[in-house]
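Novice: Residue numbers (numbering that gives the first Met the number 0), protein chains in the order written: chain A, 0 to 289; chain B, 0 to 289; chain C, 0 to 289; chain D, 0 to 289; chain E, 0 to 289; chain F, 0 to 289.
Be aware that one or more of the hints could be misleading.
Unchecked claim - Only some residues are given here: those of chain C computed to face chain A with a beta carbon under 7 Å:
#1 S131
#2 P263
#3 G280
Everything labelled a hint here was simulated from the structure, so no lab data went into it.
Ideal Cβ positions, reconstructed from N, Cα and C, are used throughout, including at glycine.
There are 6 protein chains.
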Amino acid sequence: MFFRTNQFQYNARPEAPDPVYARKLQEVLGGQWGEISVMMTYLFQGWNCRAPAKYRDMILDIGTEEIAHVEMIATMIARLLESSPVEAAEEAAKNSAVGAILGGSRLEDVIVAGMNPQHAIVSGGGAVPADSVGYPWTARYTIASGNLLADFRFNVTAESQGRLQVCRLYELTDDPGIRDMLSFLIARDTMHQNQWLAAIAELEADGLDATPVPKAFSREKEMGDVAYQFWDCSGGSESREGRWASGPTPDGTGEFVYLGKPSPLGEVVECLGPVDPRLFGTPKALQPPT
Amino acid sequence: MFFRTNQFQYNARPEAPDPVYARKLQEVLGGQWGEISVMMTYLFQGWNCRAPAKYRDMILDIGTEEIAHVEMIATMIARLLESSPVEAAEEAAKNSAVGAILGGSRLEDVIVAGMNPQHAIVSGGGAVPADSVGYPWTARYTIASGNLLADFRFNVTAESQGRLQVCRLYELTDDPGIRDMLSFLIARDTMHQNQWLAAIAELEADGLDATPVPKAFSREKEMGDVAYQFWDCSGGSESREGRWASGPTPDGTGEFVYLGKPSPLGEVVECLGPVDPRLFGTPKALQPPT
Amino acid sequence: MFFRTNQFQYNARPEAPDPVYARKLQEVLGGQWGEISVMMTYLFQGWNCRAPAKYRDMILDIGTEEIAHVEMIATMIARLLESSPVEAAEEAAKNSAVGAILGGSRLEDVIVAGMNPQHAIVSGGGAVPADSVGYPWTARYTIASGNLLADFRFNVTAESQGRLQVCRLYELTDDPGIRDMLSFLIARDTMHQNQWLAAIAELEADGLDATPVPKAFSREKEMGDVAYQFWDCSGGSESREGRWASGPTPDGTGEFVYLGKPSPLGEVVECLGPVDPRLFGTPKALQPPT
Amino acid sequence: MFFRTNQFQYNARPEAPDPVYARKLQEVLGGQWGEISVMMTYLFQGWNCRAPAKYRDMILDIGTEEIAHVEMIATMIARLLESSPVEAAEEAAKNSAVGAILGGSRLEDVIVAGMNPQHAIVSGGGAVPADSVGYPWTARYTIASGNLLADFRFNVTAESQGRLQVCRLYELTDDPGIRDMLSFLIARDTMHQNQWLAAIAELEADGLDATPVPKAFSREKEMGDVAYQFWDCSGGSESREGRWASGPTPDGTGEFVYLGKPSPLGEVVECLGPVDPRLFGTPKALQPPT
Amino acid sequence: MFFRTNQFQYNARPEAPDPVYARKLQEVLGGQWGEISVMMTYLFQGWNCRAPAKYRDMILDIGTEEIAHVEMIATMIARLLESSPVEAAEEAAKNSAVGAILGGSRLEDVIVAGMNPQHAIVSGGGAVPADSVGYPWTARYTIASGNLLADFRFNVTAESQGRLQVCRLYELTDDPGIRDMLSFLIARDTMHQNQWLAAIAELEADGLDATPVPKAFSREKEMGDVAYQFWDCSGGSESREGRWASGPTPDGTGEFVYLGKPSPLGEVVECLGPVDPRLFGTPKALQPPT
Amino acid sequence: MFFRTNQFQYNARPEAPDPVYARKLQEVLGGQWGEISVMMTYLFQGWNCRAPAKYRDMILDIGTEEIAHVEMIATMIARLLESSPVEAAEEAAKNSAVGAILGGSRLEDVIVAGMNPQHAIVSGGGAVPADSVGYPWTARYTIASGNLLADFRFNVTAESQGRLQVCRLYELTDDPGIRDMLSFLIARDTMHQNQWLAAIAELEADGLDATPVPKAFSREKEMGDVAYQFWDCSGGSESREGRWASGPTPDGTGEFVYLGKPSPLGEVVECLGPVDPRLFGTPKALQPPT
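My request is simple: use the sequences and hints to build the entire structure.
Specialist: Set out below in structure tokens:
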């Protein structure tokens, strides 16, 4: 069960409203790599967790923290929308020079073009659970497979993509209040990248899984011949230069082999067989009338 | 530019049709971690790549290979649908004992209930670009951020989740033909997990990025105080036991600190300010009529 | 069966084209609370209705009317797009002062930035069934549960959210033709809010349902102890001041009770049990090799 | 900021696993009217709230409680999946009589047909944030308009549709553990229907809004003539019998008027005007070659 | 404006309820090629039409007719759900032999597995605007480009895919009532295929467009060299045998040319250029610290 | 299996970067009628094809070619984003006159408003598999029914809508490099419209299908009376003037009949029957308490 305290984890107050930046900031609220995604991902991984308690507990610690991040960014967006673009534009529109230049277009429309119109029409000046193009958050961004190594690898990714996006957003504003909040979130992403990398090390040290995930699947069932071959299927040969093309494999049980001119191993494709004629597909040959 | 040879990368022929299994196999064709996802992800990462040529070339090598995997699974599904469930069911329905037991329900419906009905009605016995619940593949599964470390971490994840799902599917069938194909795909996923791990090592050795991603963002701009703290936001203290709670951090520049009873650092939340009254939101206090 | 007359329910002609406003107006055509949503919701409620005829008939009366509203707004948008933003921009671009100021950016792009580009590229100057950010209308906006009290409550909501959005859009334009049409739609939303409130009263008077919906579910099956408790799960105690925290409940059968410091009633969460090992989830403890 | 206690709000333990019921229960976890929807809706309404503190506080109290409901149902589903349908089916499949009857179809497939295959392949025996047909939860289910009367009406609807669905699910199982949890949730929905009805009364008593929402929009701007007319657009005249067709309107300022044979008020539709020829639409008349 | 008569265009009454078939029939109600799609497509094409009146009028005639088809199928589905699968299953479950065979699984679950669970939990026995896998109808199925030849070609397709699906559904049932309704719909699809083919002929006869669409785009602006070449990019040479590989082209202005071993015409791909370093992408070479 | 050569099918290099045009160009990359759609559609039609080899081979030839088109447009977009809109805007913002006119709004925001913000925040200057409003490509754009006549008709449509959109985009830019690439794509669309029209002729000549699709469904099963009637369901009588209203039908087996005042043929709609009371729908009449 959850409880909320009436204090933010960190500040979330811009120096000035900015409806255009509000739209961009939506990306790290309701976008694929935004805070809702990590909140939901970690909570579902925790609730579904069947591993030792330290893992479950750790996952839910961070999952709960992420709700606070969602709260901060949502509040920041709501405050960025407190200005009145409509009124500001009306003032500006009185400038006849501009009006003339734009040939009748209202300047308001030009300025507000950078806004998400739903910030005015739908949410009335509030944050929305959508990304920077207005696409709504979808639960397909929630990853919880039951296999913690596969999932922790996702979590490292999420904190990497997330920190990357927040860093980009930091560079897109000069507002000290926004930057203050983002510097906190960036630091937490630093922590969480480290945290998940440490968790992967712990999981492997505990012998619970390893590369190739899932370790518990018998290696005898896979086709060993092709398990360490690099197939060069695209023109150019620069790919031969990397670590992935020669030397021992990271899983410690193989050697990379480079196939410069790979050949298919499967059958030459003939036509498929027929299906039930009542599906009215186009058959290989003419059929007598039914 | 691309060319296709009329031979499969590996075999894709089941011993017998099985429309119910065809539905399940859709998950690794058109699901979130299926072959279309890695095909599109790698191709877009390659086309957008601005890094040294060995990376771009390597990414496009594997991206091109994945098209062949899509082809194999699509063909396998088409062949699994070659049986006529309608006819089979009609034969079965003649068995009066069963008819009696089911109290009037047609056995056909029971058997075919496990099928994806769109395999009959929409595709007429062909594979569809959707997952095992019929949800269509969406390009939100394509990840290409321009930052290769963030993306390679995603790629390791994708090959981990993908291998996990194929291993599960392997256990869900006894058909030797299906298992033959899956054993090939599992081995390629073994290769590709290793490949991306090696690529991460190469990228870090080349100094192009490091933890915390993105390295190029100045660490001075982030709030160092909270960059290595573990916040225990959920009941239980087992999370104190893991590597993520003490000792050096994987990025080599910090020490984990465990906060057992974390306190918020932000403001006590007061109400938000007002927005333009023409948005007709509910205000803090009664307003005179407009 | 349906018939159409070649006359609009009301006027739908702007004084002047305005492609930027056209984008915003899409919200009440193809948005969540737009006219397509109420059209489809009422039609499906009507077609699925198993209640007395007066309800079915009334629902289909308004469902049929809503098709006319869709028609009006679609036409208005098509007319707002009759101007040629391309040509207008070209004229404007000849103004060298502006060109210099914008440092090479084409003014056309700036102006047209406020448009939905699909209004040019996809629909060729026609309305699209999407909202103001271009997200396509989805049938998840259609609500028809088979329970009319639950649905009529939705309908009141839809007419409230819809009127709210149209009022916001009214304030965002000065065009007399647009305002004329919106004043008609706002009035119809006034009617329909009243209509659905009256329908709720009628339904309760007829004894067909009541709070808590669904009345037909036996109250003995629910856990009466917690049916009227307010749980204060978030910091702050202002919530104690409202009607929802004390006094008789609207359903007439209880008294609100305020729990200022609620405690969980469920079990302390231990780890979950195991699943089939062939799912390759991370287990609670090391398992012998399979 | 949020904290989590390691105890459930109420019990969430079935008497026995049941993967088929697990699929159905997903509806009230990740469906349109499920617990994630109300959790997100109330949290966003609270974070965006600019109204008096008692409203904001109350909304966040219930929003925080709803996270606990999500947790309970997710856990229940994870437990319902602990059984091994694969093993059970294998046992059953040994029964040769059945095998014969089914004419080669594996019984496993028939039984498991009722499962969501993603519960095995994707989540490995865990809950997923999707509904009973596997459609992922989408943030379009989150409603927060900035106008509390419009939103509270939605909230009453959500608790009505939600209680309706949980009652239906209650009737679809005999498992005492599931029914125990559902009886708690049904009671909370009873509370919350009452709570939002009380909140609407409070909001109107405080004079912050009223029917027709939004009250702050001047009635003079709407077309008064049609604000209380019932238009009978569909055959049948039973709709004349209801309260919505005569008598005073619920907003207290009008009288319902019944239009039995309504006539359009708008223009006879002529063809639309032309658009820019560079859009290559089909014109009204042949144009000279460009 | 629209009016509805209280009589169906044709009958929509099954001989007996059948919840499993109801799920399948959803495909032609709310699927990609179902009746909602053609209804919305034709209405939007009509409302957006700027061509001579005979086209606009014809499009709206058929668009209006399609609403009646939606109504018929929705009603058919609602009637197919009138049976009580719960009660039927309970009767069946009393059969102890079955219970023993199924090893504890409830037969009800097996039978009902073929249903869409939302038909019970969400719509309470009513039709839903979704397809046969429960995916909601989306407005991306609505095609209206402003160019009638492009759109009429889509319409021929829609009536072809639609008739194909209805024919498949006809073969999947023996119910005389369902077949009666489907025989009507199939005939109308026959008409509408013919109608759109005739409309294409008329449009071309009127000189309003032609192959290649859009005719109004100057042929001089396209690269004539490659406008009639068949590129054989996939192994096999059977494609040389078809009409598309030699002889005059259908547009009457060219000859097909077969390129058996096509070569790329573009540049050899070098790496892309750099982007703004504040986007933190991976660069081609190490950069000095910022 | 597929191979890639490190050379483009044709050039894909703009004369100058243009992030605003990049957004528009996304429409023909990841939009409904963009290159990803035809690539996936043709590949799936080919992989699922059960018709004579010349069809399968031809479909896969073009499907493979389309991957090259996706590659070209993705590369073009990546190059259009190479400019630094941030830097450009900063330069421009130094112009104090503009700053004054815009009343404090940053010009950067105005210019960049026309960009897709995800081109900066998400892809870091790369193409994304989405359309011009940022809506991600979805596999519902992939059409493969198993019936080639139905599908080839779709393919003609796709090449028509696609050519139309590329022609519109051609008119929206003056950049010679972009126009060069588009002139190639337009020519290929000319070829492909002709190709599919020829394929339809071939298919009919081979007797594999005909109007009305599917030919194999017995005409006796459809309701012949209504198979050639035009129903005038919308006001206006101009529709009587077209070829669709009189004369022989294109399928060669009927005569169009015009019904100016069509009457419904179905039953007068009474209320529906009841469903299981445990679904708690609103019944036709009061029921005794359960």
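Novice: For every hint, state whether the structure bears it out.
Specialist: Status of each hint after checking the structure:
1. S131: 4 Å, holds
2. P263: Holds. Min distance 4 Å.
3. G280: Holds. Min distance 4 Å.
Violated hints for the displayed structure: none, as all numbered hints are satisfied.
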